Structure formats: structure tokens, C-alpha cells
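K.L.:
Residue strings, one per chain:
Number of protein chains: 2
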Amino acid sequence: MVHLTAPTTDPAHTGVPDGLVPGLTALLDGEHAEVRRRVIDGITSYAHVLEEGETLPPEEFKDRVRDVVVELAGSGLTGLGFPEEYGGGGDLGASIAAFEALAHGDLSVLVKVGVQFGLFGGAILQLGTRRHHDAYLADVVAGRLLGCFAMTEHRHGSNVAALETVATYDVATQEFVITTTREDAYKDYIGNAARHAELAVVFAQLEVGGEQRGVHAFVVPIREGPSTGSGRRAQPAAGVRIGDDGPKMGLNGVDNGRLWFDGVRVPRTALLNRFADVSPDGVYSSPIESQSRRFFTMLGTLIQGRVSVGGAAITASKVALAIAVSYANRRRQFEATSETEEELLLDYGLHQRRLLPLLARTYALHFAQDVLRTNLHAVLTGAGDGTEGEEHAKRELESRAAGTKALATWHATRTIQECREACGGAGYLAVNRFAALKADTDVFTTFEGDNHVLLQLVAKGLLTDYASEFEEMNQLDMVRFVAGLAVDTVLERTSVHKLLERARSLLPGGSEADAEAGHAGHAGDVGLRDPAYHLAMLGFREEHILGSVARRLKAGVDRGRNPGEVFSAVQDHVVAAARAHVERLVLEAFVEKVAATPPGPVHDALDLLCDLHALTVIEADRAWFMEHGRLSVSRAKAITAEVNALCREVRPLAQELVDAFAIPRELLRSEDLIG
Amino acid sequence: MVHLTAPTTDPAHTGVPDGLVPGLTALLDGEHAEVRRRVIDGITSYAHVLEEGETLPPEEFKDRVRDVVVELAGSGLTGLGFPEEYGGGGDLGASIAAFEALAHGDLSVLVKVGVQFGLFGGAILQLGTRRHHDAYLADVVAGRLLGCFAMTEHRHGSNVAALETVATYDVATQEFVITTTREDAYKDYIGNAARHAELAVVFAQLEVGGEQRGVHAFVVPIREGPSTGSGRRAQPAAGVRIGDDGPKMGLNGVDNGRLWFDGVRVPRTALLNRFADVSPDGVYSSPIESQSRRFFTMLGTLIQGRVSVGGAAITASKVALAIAVSYANRRRQFEATSETEEELLLDYGLHQRRLLPLLARTYALHFAQDVLRTNLHAVLTGAGDGTEGEEHAKRELESRAAGTKALATWHATRTIQECREACGGAGYLAVNRFAALKADTDVFTTFEGDNHVLLQLVAKGLLTDYASEFEEMNQLDMVRFVAGLAVDTVLERTSVHKLLERARSLLPGGSEADAEAGHAGHAGDVGLRDPAYHLAMLGFREEHILGSVARRLKAGVDRGRNPGEVFSAVQDHVVAAARAHVERLVLEAFVEKVAATPPGPVHDALDLLCDLHALTVIEADRAWFMEHGRLSVSRAKAITAEVNALCREVRPLAQELVDAFAIPRELLRSEDLIG
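These protein sequence lines map, in sequence, to chains E and X.
The opening position of the first sequence corresponds to residue 2 in this note's numbering, with each subsequent residue numbered one higher.
The opening position of the second sequence corresponds to residue 2 in this note's numbering, with each subsequent residue numbered one higher.
The reader is advised that the hints may include incorrect statements.
The list cannot tell twin chains apart, which means a pair is met if one copy fits it or any two copies do.
List of simulated lysine to any residue pairs, SDA-like, C-alpha gap at most 25 Å [unchecked claim]:
{"#": "1", "residue 1": "LYS555", "residue 2": "GLU86"}
{"#": "2", "residue 1": "LYS499", "residue 2": "ASP245"}
{"#": "3", "residue 1": "LYS638", "residue 2": "LEU492"}
{"#": "4", "residue 1": "LYS395", "residue 2": "GLN292"}
{"#": "5", "residue 1": "LYS638", "residue 2": "PRO281"}
{"#": "6", "residue 1": "LYS638", "residue 2": "ALA621"}
Treat the hints as calculated values from the structure; they're not laboratory data.
On a predicted model such as this, the values are computed, not experimentally measured, just so you know.
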């Protein structure tokens, strides 16, 4: 653990309590502490990869990253989510925690691990059956067999149901024939495809006996021929054309590529047949009746990708903050409080405002990610008895994963940018890590589900109470569905409704009748630092926005407008409802973590951070709260003053709060910034 | 000019008037149309450099960029700001316009041009006298003599007055002796230093006869020895150590480096002596008495750099929007209004919200930049009679340049990011330009003056009414100065005060006495699309924030607190005052441009955009307006609805509005995004 405190902020002088840093670290590392630390030790020995990303020629760097991934696989740290019989760890939660820890290092390594073990291996595990597991998983887990996940096409990313690759069953030969149906419908951005994958899991529209059965996944060899020196096959398989996506903004250690299939034949058993199968004589069968339901069940098993990306984004934010806060705590510029000595950057009020709320939000998201990871583990390793309650829990989990991923990845983009700027010109040098952090994480906001599309999924879940058919509804269906419900029905089913039933008395303004800002009552005895008040505020916002979205959708349909146009007009409101929902979940996770922490310095530090996070969120949307009668002008101003006060209170702990991330010095680099 | 309109939005079908695009282009190009188009033609022939940035090894790319810069110099387009007798164009305004146009191409070329002709050449022109001009300028302008601008040090960027390089006059040899006084006080991030510069303009603390005279600039050879193949000298000069800053986030075609000086001797005439000189026998003299005043006068002549960077940022935003809007106007995803055809992205309300206000703001900043460029030309090429009025105009100009640079560069960062995300995974591929746009412009927010520091300079100017000594005041002086004034005095001197005297009747809420939100009157007959209303709102905000900053500074000092602590506590408020001021100037420029445009389709399109820009700005800060009694809850909601309505109205013109930037197809690249 690095401790970079400058002399003037030595704990001895500022009263930072002993044990704060290790206590926080233990809390952050949580139940998977041992796995996290093993992964971090592992990648610290590969810290030089961070520099090689800048110095090696691009193709060499890609091969270097491949080698690192294969070596990591040998250590057993990348296969924790696979069954033990195939060399895995049999612990899904630990595998997510390991991935989060991996994000402290080079992010090409991270994403290549995600492609190989999460997407490719995960698809075989989750969509395949015993025959696929036995055939592939041991080699996949050990890194002997590299593969790719060929879902996205050039013309279709977010709208996976509209893919244009076709797999036709040929009953005569008992094979599937895979074809890219138009030149520009190639698989695109496929990690591992351009250089290293031997196999691909290919998503294609299944056609059996002239009938369209929707999107299914197939294992397709894409390279063949004699092994090259490094034990890989080098030639594209017959009928497969492979292209390279060329240089990218970041992640240039990952070989993203394009795939075209020209009548490629694979045996009948190449269909990953957990959710649907085709018999030798061409009879299609599935335990799930509805085609689109089947499709979303398949996609749902891939939820780990979203959870992993969100977690990695939080880690990347920590790395950026560890550098920027440590720098601000050493760097002096301009005389301010003294005529003779320049001031520490972190003693400037503006600098505190720039960095400390982002630090608080990083903690908040960390704890929200803890909840998500724990739920994921519980739901995916549960009994699988197919009960209604279990199905509902799955859909809620998918929604939480989507929403957390969106908020966490946008947070990373914003945090890394602010941290870079807060380090001035030095932040621009590659040696100081921001260059790669920024470039590599940029795509997080749009891959594994575009954030705006994900938030619309979240809103759809809320509006339909995760009705069993909700994921299958397109925008038009969803609008029609909501239009058919009473708004109160929509609201009463939500979890926030129960929260508010308990907490409404905490809100100034009382009933909705007096919802004009000027008439909102003052808070009376409700303190600005009361977490119940914070939660009630975010809960109120969530329910109110959701209700008005439902009302607007109904009103539009009632007036006979095209549901698509109605949706388009309400769309930013729909996304706002989803954001409000996820913000409440994030805060709830933080509040519960503080409440569960025993009294002491760790508790007190988290309590401050949680208040700072909550009030920053409320402050950012205080216009909305005033517009909806839940904040008076004077209380709105008081919140801004309180955020400033909290920044000043957190400032003496700032170094400890980033030291608690316990990031090895080698992974931070930035020698000229933080010594 | 590209016209990328998709069939469904063909002007013929949507009623876009003929002549809109050329009319807008002519207006945007303005008085320097011919120069702009010549530059764009010039860089279009170098469009392949955009690709070479991805494919050439870094050192080769740096040399390639150097060659392009030298070739451009030969075309006369990079020296427009220099006197004609040295091969320049003698037109400062045109030189800024040329730089803005250059930013359509590779930004390493742009920045290398900025370093060579703006910073290095500009310093010799502005800080030197005839002997320096005659000795160097013809070669500088022609690109035969490359140089660098060695101001920033590793330990001091923003605080230039605290530089630690020293130049001591040795009367015995009539030389200055230049020394880096500590190992870590090297010159850092110096463009052109690592590979190509023969000369450096070095900023150092002048010491004459044991007296400290503050920062001055010297011409110092940093490379010597026989020419290399390309006609450049390759060896560091005696006593000079040169380092390389290594890989950077972007701008890797520029050779940024580090310089250490170990007793390097230069003749007495190496001092750039326009504002101060040392006689052979060691007598220091200057026409400007105050040392810090002299220093800021020197810095003031370098204002062009800020104006240039701001202009380049606006151009980069246009490139990003041209790609993202054209893509959104072709790309379909998900069925929305139709069951059978997917929807154009730009027909989604959310997508309009994401892109169109950014487009409107880009137009706004363009016109604000026009005003700035025109003022710069007028002030810097004015009579130079040293009158009080002229001095005041100079300081106002410096403030406007600082503020516009800050807003324009942050806008570029935000716009490029949003455009990248709006293009999904494809936006991540280098061939689609966002990678380089984002990486290369990132440093704009912190170089040529850190944006936060610049905004504090703006605020200081406002608070002190650009008192002759304002630039020299450090934070403590400034706080004390303001504390000595009546708040009304501060306000009455500002330009916004006059604006408000005329416009106050347009504001709902009347006098300040009833400034609580709930009591604010409704707008009555003041329309939401009335530019006078928009200006009055932004003017009110500016004056109010400025007044309360002054009050808080005074109150703090009156209570006997350390002025530095007072400043730190108020600092985010100080920056808010500056932002509010610059936002008003930007809107004013747009409103005036619309008013000056004759009736017709161009006028109408600009009018819509101006309303969209103004209401977006007010909407973003509507919490503040409610808190200060200038917006009722119902009117705040009406503004949000109006922004949505304006987005829908602008949408049919969106393609034309980016086509009007008239960016050659070759410079946009992005074939798979926009065909």
C-alpha cells in the first residue's frame, strides 16, 4: 500500500485516526479480499505491460497481451467462474471480484480476459450443454484454446434481434450453414478475431425447414491449418474471411476484427443447445415457447459481462483518483494563504470541489457493485427452479446490472477526465497513466450494451414491473402495455413505493398538492445529513418521474398518436426515470454499508463520504426538486453550502481515502506526479 | 462541400430552403473566407497525414509532421501574422482565421504550427526588437529556422512568475549566463524541443548586478554542429541537456521535450528587449516601471496563443458534429414509429437532445470567436498610443481571450465525447477520427493557460474593473483590493450593469427584494424566445454572482480572516462569476449576429439555433435562477419543454447545419459511418 501523504497533512498533525486505511481497505476488499490481492499481486508482476503498450509496435503488443492472458490463465485467476471439474474455481462472485481487481493493470489484458473467459467461455458454459463443456471448457479455462464472441454486426449493435447472419439447417448433411447475408452485415469489433481466436461463438438467425427461429449461437472454427510457432493456427478456415478493425482509440492490445461467413458448414452439434435444439431430422424444439423470450433468456445468461465492465470502470476511477488526489496533496502552485510558500492544490476550495465528490461517488458505486455482485452470485447459482419469484429476481438483477454498468462507466469517463485536467500538462504524458485509462475505458460506455439503450431497458422494467414478457417488448409494445395500465398500478408495484410509504414524512412539502417550489415547507427537524432524508428525496424523485412518464405515455396513446412518436417525445424522460432509479439503488447500497459498519473511524469516514455523495446528487438535480416542491430555495442553497462544508471536512482524510484502495505503487506509475 | 443527406430528409421533402447551406457557409467563413478556403484546400492535400498518425512509428511521424509544417510555411499560409517585409502576410486577424481552418486537419500539424509561428515566432516578433526581427524572422516565417518556446517548467506551469531558471548578466564578457537552478526545475512539455528546434526563446529570472529583475525572455541556441540530412543541426548545444517527454495521450506528431541549462552563455543581444534592456556595462532599464506590470505586459503580447487554441477547439467540435450528425441521419436502429423499418437515430428525441444543443453552442462559440478575433486584430494593430482607454481595452481583450478559450476548449472535450458515444462502437475506431480528435484536443483545456486559472483571471478583471494593476495582483492582493471597494462600485463599473439598466424590465421578479423563487412573477408578455429576455437573464446572473462574490470577499476580510482562506472558500463562486460573464458575452455575440443577418432562411435557421443555445444555457442553470427569484417553477418547466420543441424544429435542418461547415470529405474520413 502506498502512503503518499505530504508532510503538512501527516495524520499525526491533522488527527487522522490510526487504522483508518487498513480498516477501509478491508471493508472495500470485502469477502473476496484474498482473491483480489492475489490478482493484484499477479498483475503487479506484469506492470511493465503498461509501458509496453506505448513502446511495442501494435502487432507485437497484441501478441504480448495474448501471452500475458495465457500466463494469467495458468495461475488460475481468470477461470474462477468455471466449474472446478474443468479447472475453474466454481465461484462466480469471486470471478467478478477478480476481474475488478484485474482492472488495476493494463486494460487490454483485462478486456482480452473478458473476451476469452467471460464472453467466449461464458457463452459455451451458459448457452451450451455437457457436450460443449466437455469438448472445450478445460482448454478454454487453461488458455490453450482461444476464442471469440461473434455477436455484434456492422449494421446491428444494440438491436441484436435484427442480426443478419443466417444459419440454415441442412438435413441432408446434418449441418448448419452459416452465411453473412450482405457484404456490410459482417461481424464487427469482435475481440480476439483479428489474430488469435481459433473458435468463434457465432450468433445467427436460425432457419430450420424454411422456418425462422430467431437468433441462436453456434461454435464455429474460424482458423485452421498447421500450428504456428506459438501453438496457434494461422489460416482462416474455409469460407471464413477475417478482417482487422485497425487502430482504435484505445485497447490496442486487443485484436478486434471482422468476420464474414460464406456458407460455412458446422455439424449439428455446434449449436449451443441449452435453450433450443434441432434434431438430426430437422425438428426444432425448445423448453421456452416464445421465440423472443428464448432470445432474452439467452442474452440474460450473459449478464456477467455487464457486471464485469461496471466493476472495471469503478476500479479505473480509483486508479485515476489515487494519482490525482496524491498529486494535489503534494503539488503547490501560487501563494494563497502564505506570502512565502505556495499553496497545496488540495487546499484550494475549487480543487476539493473538483475531486472529492468524485471520490465519494466512487465509494458509493463500489458498494453498489458489491450488492450487484452478491445478487448475481445468489441468483445465478440459485436452485434454478423456474418459479415466478426466481424469474422476477432474474429480471430485476438484469436491470440492476444494466443500470449500474451505465452509471459506473459514465462515472469513469468523467472522473478520469477531471483527474487528468487536475494534473495539468503532466496528466497528458502517457507515463502518468491517464492517457491509457482514458482511451481504454472510453468504449465502456457503449460496449456490453450502449448506456442509453441500457437505461431504456431499466425504465422498461420499472414501467412494466418486470412483467414476464417485458424484455421482449419493443418500444411500441412497451408504450401500448403501459398505456393499458393505471398509473397507480405502475407505481404501487415498484420497490421505491414501499420505501416512500415509510419515509414520506421526512420530505418537506408534504403532499403533492403543494408541489410548487415556493410553497414547499422548510425541512423543520430533518437534518441535511440524515441518510433517511437523502433516500426519501431520491425515492420521491424516482417515483415521481416514473409516474409522469407513465402518464405521458398513456396520454399520448389515448390521443391516438403513433406509439413510436410518443416514445420518442418522452424518451429523455424515460432515461431520467431509469437514472433516478439507479441513483437511488446506489445510495441505498452506500447507506446500508455505513449502517452495517461498527462505530469507529472507518464508520465516521464513510458516513462523511456518504453524506457528500448524497448531497452532491441532490444538489446536481436541485432544479428538479424545486420544480417538484421538495426543496425550498433556502434549503437548496443550504445544500450547496453543506456540500462545500463536507468537502472541507473530507479533505484531511483525502489521502487516506485513496490509500485505502491499496493500489501497488508500480501500477500507478506517475513518478513525476507522486514521487 | 459534402452533402450527406439521407433520402428521407431530402430538402425537397422537408422544406429546407434552397441556398441555406451556402448562405450559412458564407456567414461562418466571414471576412476571411478566402484565407480559410485556401488553408482547407492546402491541408486536404495532406489528408493522408491523418492516417499516418496511426501507422508510422512515432519518431517517423514526428519528422513527417515537421516536413508538412515546413511545406505549409512555403505556401505562405502559416506566416500571415508576420510583417510583409519578412515574408509574412501582415494580417493578424487572417492569421488566426488560418489557424482555425488548419484545425480541420491533423492536430499535431496544427500544434506544431502554433509552436513554431505562434509561440516561438510570436515571441521574437512581440518581445524582440528590430535586431531580432532582422536576424530571425525571415527564416522563421519560411520554416528554415525552427524554434521552441521554453516557458513552462516542471515545477511551475500556471505560476510563470515563479520560474526557477536564472539568467545572470556577466558584465565582464557582456553575456547572460542561463542556468536551471535545480534538477527538477527543467523546462517541460516544450513543443519542438525534443527533436527539431535549433533555437529556444527561454524565459528566466533576470539577475543584473545582484538585483532580481523578474522573468525575461532570451534567444538561446539549443542545437549546434553540422547539419543533418534534412538541413537541421543534431547535437545539443554546449551546456544544454535535452530530454524527451515520451509518449503522450495525443499530439504524438509534436516532439515535446525537456531542457536543462548549465551555465549556457548567450550574448547581451540575446535578450528580447522590447520591454526591458541591459546596457553593456550592466545597467538595467525599462519603459515600464513596475516589475510585475512589465511581466504581464510581456505575457499579454502572447494572447494570440489563447485566441488560436480556442478557435481550434471550435473547429474540432465542428468536425466531430459533422460526423455524428451525418451518421445519425443515416443510421437506423430498432423499430420505433414503424413495425417494418428501423428508425433513424436522429429521429429519436433523446438523440436530438444529445447532439443539437451542442451544435447550437458550436455556432454560438463560432460567432463569439469572430468578435474576439476582430477585437484582437483591432487592439493589437491599433495606434499603440498608450492611452488609458487603450490599456483598458487591452486588458478587457485579454480577459475575453482567456474566457473564450476556457469555454471553447471545454466545449470541444464535451462535444467530441458525446459525438463519439453517439456513434457507438464505430466511434471507437481510429479511422472514424474521434480517437485523434479526443486525444489531441484533450490538452487544450490545460495548455496556453489552465482553464480554471484563466477563469480566475477573468473574475479578477471583473472584480477590479481591469484596474491598471489588476493582472499583477496575486490572490491576496486581489481580495484586499476588492475588500476596499464598495460592492456597488464593483458592479456599476461592469459592462453588464449597463445592459441590465436597459433590460431589467424584461425580467420576471422585478426588484431584488422579492428574490425568493416562489414569489417571482410570471413572465407575463416576455416570450421564451425573446433574445432580449435571454440576455437579461444571463446579465442578471452575471451581475448577481459578481456582487455576491465581492460581498463574500469583503465580509471575510472584515471578519479578520486570512485573505487566502477567504479566497479559497469563495473560489468556486469566483469561477462561477467568470463563467457567467463569458456565457453572456458568447450569447451577445450570437444575438448580434442574428440581428445583423438579413431576413431569409439563413436568418431563420440562426434564430432557431440562437434560441436553442440560450434556453439550453438557462435550463442548465435553472436551479440558480429559481434560487435567485428570476424563474418561477412553471416557467422553469416551460423552458425545458421549449428546448425539446426547439430540438424538434432544428432537426430537419441538422444536416444542412453541419454541411454548412463545408468540411471536405477527405478530412472527415469515417467511410463506414457516413459513406
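K.L.:
Run every hint past the structure and note whether it holds.
P.N.:
A quick look at each hint next to the structure:
| no. | hint | result |
| --- | --- | --- |
| 1 | LYS555 x GLU86 | neither (53 Å within a copy, 73 Å between copies) |
| 2 | LYS499 x ASP245 | neither (52 Å within a copy, 61 Å between copies) |
| 3 | LYS638 x LEU492 | between (31 Å within a copy, 23 Å between copies) |
| 4 | LYS395 x GLN292 | within (18 Å within a copy, 71 Å between copies) |
| 5 | LYS638 x PRO281 | neither (71 Å within a copy, 63 Å between copies) |
| 6 | LYS638 x ALA621 | both (12 Å within a copy, 17 Å between copies) |
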